[in-house]
Amino acid sequence: MRILVCFKVLPEFETVLESDWKNFTPQTDITYARRALNCFDASALEIALRIKDTLQTQGKEVLCHAATLGTALPAFVRKMLYAVGFGQVILLQAEQPEFASTAVAEQLAGLAREGQYDMILTGKQAGYADTGKVPYLLAEQLRMPILPEVQMVEAVDNGMEVTHQTDAGLYCSTIQLPAILSVGNSPVNAMRAATLLAQLQAAKVPLEQRQVTLWEEEVPRLSYVQSEKTCTMLPEDTVASQVESLYELLKIEGDAR
Amino acid sequence: MEKSQLIQNLEQLVGAAHVLSDEETILESSKDYIGFRRYERDKGKFFVNQAACVVKPQNTQQVSEVLAFLNKNRIQTTPRTGGSSVTMSIEPEPDGVILDGSDMNEVLEINETDMMVTARCGTPLEYLEEYLNKRGFTTGHFPQSLPMAHVGGLVATRSIGQLSTLYGGIEDLLVGLEAVLADGTVVRIKNNPRRSVGPDLRHLFLGSEGMLGFITEVTMKIFPYKPEDRWMHAYAIRGMQNGLDLIRSIIVQGYRPAVVRLHDEAEVESLFGGAYPEEHCLLLFLAEGPKLLTEATGKAVEEIVANSGYEIIDLGQKPVESWLQTRNDECAHMDEPVYSKYGAVADTCEISAPWSEIGNIYAAVKERVPEEVKYMVSLGGHSSHSYINGTNIYFTFGFLASMKPVEEARPKYMQVISIILEETLKRGGSIAHHHGSGKYRTKWMPQEHGTSYPLLYKLKEALDPNGILNKGVLLVENEE
Amino acid sequence: MKWLWVIPPQVELDPALATLWQITASQHQMGDTLTLGMPGWGKATRRLPAAVTQVLYTGDAPASTDKVLPWLRQQINILRPDVLLFYGSVSGQEWAVRFAARSRFPCYTQVSALEAGRAIRSCCSSYLQWESRLTYPCVLSTARGGFQLGYPQCTDAVPWTKVPMLSVQSNFIRAQTQLEAAVKNPLEGAKRLVVAGRGLGKRESCEKLRQFAQLYQFTVGYSRPAATNGWGPLESVVGQSGTLTAPELCITFGVSGAAAFLAGVKQAKQIIVVNTDPDAPIFRHCDIGVLADAEAVLDALISKRKKEGM
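Protein chains in written order, with the numbering used here: chain A, 36 to 292; chain B, 20 to 499; chain C, -5 to 304.
These are computed hints drawn from the structure, not numbers from a lab. The beta carbon of each residue, even a glycine, is placed where N, CA and C say it ideally should be. Just so you know, not all the hints are guaranteed correct.
[As the list claims (entries may be wrong)] In silico lysine-lysine, DSS-like type, Cα no more than 30 Å apart, as pairs:
1) C/Lys61 - C/Lys156
2) B/Lys62 - C/Lys156
3) A/Lys264 - B/Lys337
4) A/Lys286 - C/Lys178
5) C/Lys(-4) - C/Lys37
6) B/Lys393 - A/Lys95
7) C/Lys61 - A/Lys286
8) B/Lys477 - B/Lys445
9) A/Lys95 - B/Lys423
10) C/Lys(-4) - A/Lys264
[Stated by the list, open to error] Selected chain C positions facing chain A (in silico; Cβ < 10 Å):
11) His22
12) Arg96
13) Pro100
14) Cys118
15) Arg127
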C-alpha cells in the first residue's frame, strides 16, 4: 500500500509583530516568526504512521511519503519525518503558493499520479490564506473520492474504516481505495517524536526536491482587522467590588430580584 | 500531634478561614512544575506527599506565632508563595504544614527619592511591575515565572530575570528584608545602599529556599522605566563556542545589553521552529536604560559583531521583538499536556561556569546525553545570563516516556540531570544557576560546595535547630 | 442579478437561511431573482426569506456529491445565475469548491460578507481581512456562524418545483454506520455565551465555569487551546477554526484573545473580559474589562447568585 500525506510548515501567527500585521502585504517579511507543522497536517501524518504500524504487524508492506509545497522546508522537519518512518519527503519548491490553490492542487495531483498512491491524506487548512480548497481541488484533479473532516482512519480487512464528521453527524464508513481523506478535528492531535539517534541517522537522507511554477489566481487586498470596541476597565479595588458590578451586567432579563 | 488538633491550634492563630485542609487545596499547593511531575499529572498521577493542611497567615505577627507553634511541636513546614517551583522545592513532608504567604500581598511603600519599593512576600511580581510601570519605574526583574512568582519566593530562590545582564539577579536588586526564624523570632535587615558591618546577613535568606527562615517582606531597587528607548538586534552565528566567545568579548569590553541570549542550533529548531538560518546559533540582544547609553551599547555591539571575524548573518530587530512578545507564554501553559501529547517529558536544567569551561561543559553534555539516554528526542541549550567571569547554559531537553509506566519518567529524568550536573561539576561549574537546589539537586550539593558545605549545616543548626523548615532542600539528610 | 442559494440536506434550515440572507442582503436589489436549491430535501413547510423567488428540491434522497454536482450543472444551465452561494456546512464547502472547479468559475470560500461587489473573508487566523473583487458568474460558500438568527419572511407562497436527481453509481463507500447524530450546535444562536480559555489554568476551574453558566443561563464555549487540553468538547470551540458566534452578551474567562478566537466573537453585541494579564490582546476587543483572577471571580459570582438570585 502506498500513502501520500500532504503537509505544511506554517508561521505561528501569534509570534508575528503587530506592526507587521498593520501594513501587511504578501511581501511582508515574517520569516522571523516561529514555525510549526500545521495541526491538522500533524494529525494526518500521525494517522498515516499508525496505519503503517498496523499493516506492518500483519506482514503487509506500506510506504508512507510526505509532500509539501512551498519556498523551503526546514531541515529538521525533513529529518524528523524520515526519522519517524516516512520513506520519502518531497518538497515541490515554488514561490508564493498562498494565492494559487488550483495550481497547488495541480502540482500535488501530478505527484500523486506519478506515485500511484492508494490513499492521500491531507489536513484541512491551507496556508495563511486558509481557503481550505486544495483537498477538494485535488479530488477533482485526480477524479478520486474524498471524505472531509476525517477524525480517524484504521486499516480493516476489506479496506479502510474512516471516522468522519458530516452534516448529519459522526459516521464510520468503510471505504474502498483509492481515496483522499482530509483530516479535521482529530483525537490524534500530534505527530510522534523521534529519538535523537533516529534523527541523527535520518539527517543524511536527502530531500526529494523539485522546482515547480505556479500561476496566481488573484492577489486579494489584505487588511488588518481593527477593533471597533473600546474597553472600559472595572476599577481594580477588590474582587468583591468587581463582582458587584459584574453581577449587575450579567443579570438575567426578567429576573426577579 | 493529631491532625485535627493541629488544625484546631492553627485555626486559633490565624482564623479558621485561613487554614485549609481540603484535598484540592492541599494538592494544588503541593504542585511543582518539574518535567516529570507535569508528565505524571497529565497521566492522572499525583505522587507527592500529602500535607495535613495549608496555613495562610495574614501578617508577620501571625507568621511568627504559627512558626513558634510548629517549632515547639516539631512539625515539618514547607514555606511557599507564588508556587512556580520547578525543583520540587515546595513539595511538602507527609502530614506536614504548608506555610503559604500568598495572602500577604501588598505594596507597602514606594520611595522615589531612594529608588526602592517595599512589598509583602505574597505580592505577585507581575502586579508589582505593573504598579511600578504606571509610575514610571521598573523592577528590572523578569524571570520567565513572572506571571506566577511572588516577591518572597524570588528572594528565597535567588531568582534571576531575562534582563539580568543589565540589572543583575535578585541578589543585586534586594535592598533589605524582614524574615521570621523557625522559632518565631522576627528579624529585619535595614535598607541601605551598602554597608560595611560584617557579613551581609541578607545572604542568609537569599537562596535559602525557606530552610533558614520565612521571608515576610522585601525591599527592592527600582529603575526608571523607558521601554521606548530600547535597541534590539539579532544575528545568526555558526557554532556555540563562537557564539560564547562573541558574548564574552562584548561583556569583557564592558558593555551591558540587558538581554544577551545565544540559542544553539537545536533550540533554533525546537523553540523557533527553524525560522532562522539552518546550522546556525541565534544571538538576541536588547539594550535599554538611559537613551545615550543604550545607543552607545547598541553601536558597540554592532561593531564588535562586525569586527569579530566570524561569518555572521544579520537578522535585524524583528526576532528580538517577536521573542519579547511571547517569551513568558510558557508560564500560562505550565500544566498543559503540551509535551505529553507527544509522549514526551520535557524540561530545562540550568548551570553556570567560567568562560574557560562553559563551552566544554556544553559540548560534553551534548555528546554524552544522546549516547547514554536511549529515548532522548531533543537536547538543546542557550546562554541567557552573562557576567564578566562567565555565563550560564540553560539546557532544554525532552525524552520519550510513553512506552514505560508513568513512574519511570522520574528515574529517566534524573539520568539526564545526572549527566548535566556531573559534567558541570567535573569542570568546576555550578550545578544551579537560578532555579535553586530544590529537593532534586540536593545530593550533588556536597560536591557543589566542597569544603564550605559544613557551613550550611552550622547555619541550619543556628537558625532552625529543630529542623522544621523545608526539609530536603540544599542539605543532604544525615550528613553529619 | 440572478442568485442561486444551495443548502445541503441535513443541516438546520433556520440558521442556514439566516446566514445566506445576511450575506446576500447588502447586494440584493429589487427585481433580482433568487432560486433556492435544496438537493436532498423534501418539501419543507417553512416561511422563506422574502427575496426567494422559487425553490428547486429533489425530494428526500441521499445527496452524495456524485449526484448533486450533475444536478446542479443541470439547473445552472437553465437558470444562468450570477452568484452561486453555498451554505458553508461540510458538504456545502465541498460542493462549492468542486462545482466551481468543474465549471471553471472563480470560487471564494468561507465568505462572511459581500460589500460593493467584493467578497470579504478572514485569513491568517483572522489577523487579516481578505477582500476579492467579484467577477460573475462566481461560486461562494459562507462562513459558518457569526450571523444573527432570523430574516424578513415572505408573505406569498413561493413555487416549489421538484427536480429529481439522476441516479449515479458510486461504490466508494461500502458500509456506513452513524456513530453520533448531528446535534444542534448550541453555540449557534446562543444569546448569552461564556467562554473558557486556557488562562483558567486547570480542568477544575472549567467545572466552576460550567456551574456559573448554569446559574446565569449562559451557553458554554471554549477557546481552541482550552478544548485541546481536554477541558471541553472540540465541537464547542469558539473561533475561526470552530464556531463563529453572534450573542447579545459574551463573557470570557482566561481567554487571551488570539485573532483566531476573536473572529469567533466579533459579532457579539457586548463583550466582557475577565483576565489577569493586562496586556492580553482581548482587552482591546471588548466593552468591559475586569483585571482579576478568573477563578476568584467565578467563585464570587456563583456564591452571590446562590445567595441572592435564586
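Hint-by-hint comparison with the structure:
1. C/Lys61 - C/Lys156: 15 Å, holds
2. B/Lys62 - C/Lys156: This hinted pair is violated, its Cα atoms lying about 56 Å apart.
3. A/Lys264 - B/Lys337: It holds: about 28 Å lies between the C-alpha atoms, which stays within 30 Å.
4. A/Lys286 - C/Lys178: Holds. Lysine 286 of chain A to lysine 178 of chain C sits at ~26 Å (cutoff 30 Å).
5. C/Lys(-4) - C/Lys37: 23 Å, holds
6. B/Lys393 - A/Lys95: 28 Å, holds
7. C/Lys61 - A/Lys286: Violated, because 51 Å separates the two Cα atoms, which is more than 30 Å.
8. B/Lys477 - B/Lys445: 27 Å, holds
9. A/Lys95 - B/Lys423: 27 Å, holds
10. C/Lys(-4) - A/Lys264: Given pair lysine -4 of chain C, lysine 264 of chain A is violated - Cα atoms ~37 Å apart, limit 30 Å.
11. His22: 23 Å, violated
12. Arg96: Hint holds; arginine 96 of chain C Cβ to chain A Cβ min 7 Å, cut 10 Å.
13. Pro100: 8 Å, holds
14. Cys118: It holds, given that the least Cβ distance between cysteine 118 of chain C and chain A is near 5 Å, below 10 Å.
15. Arg127: 8 Å, holds
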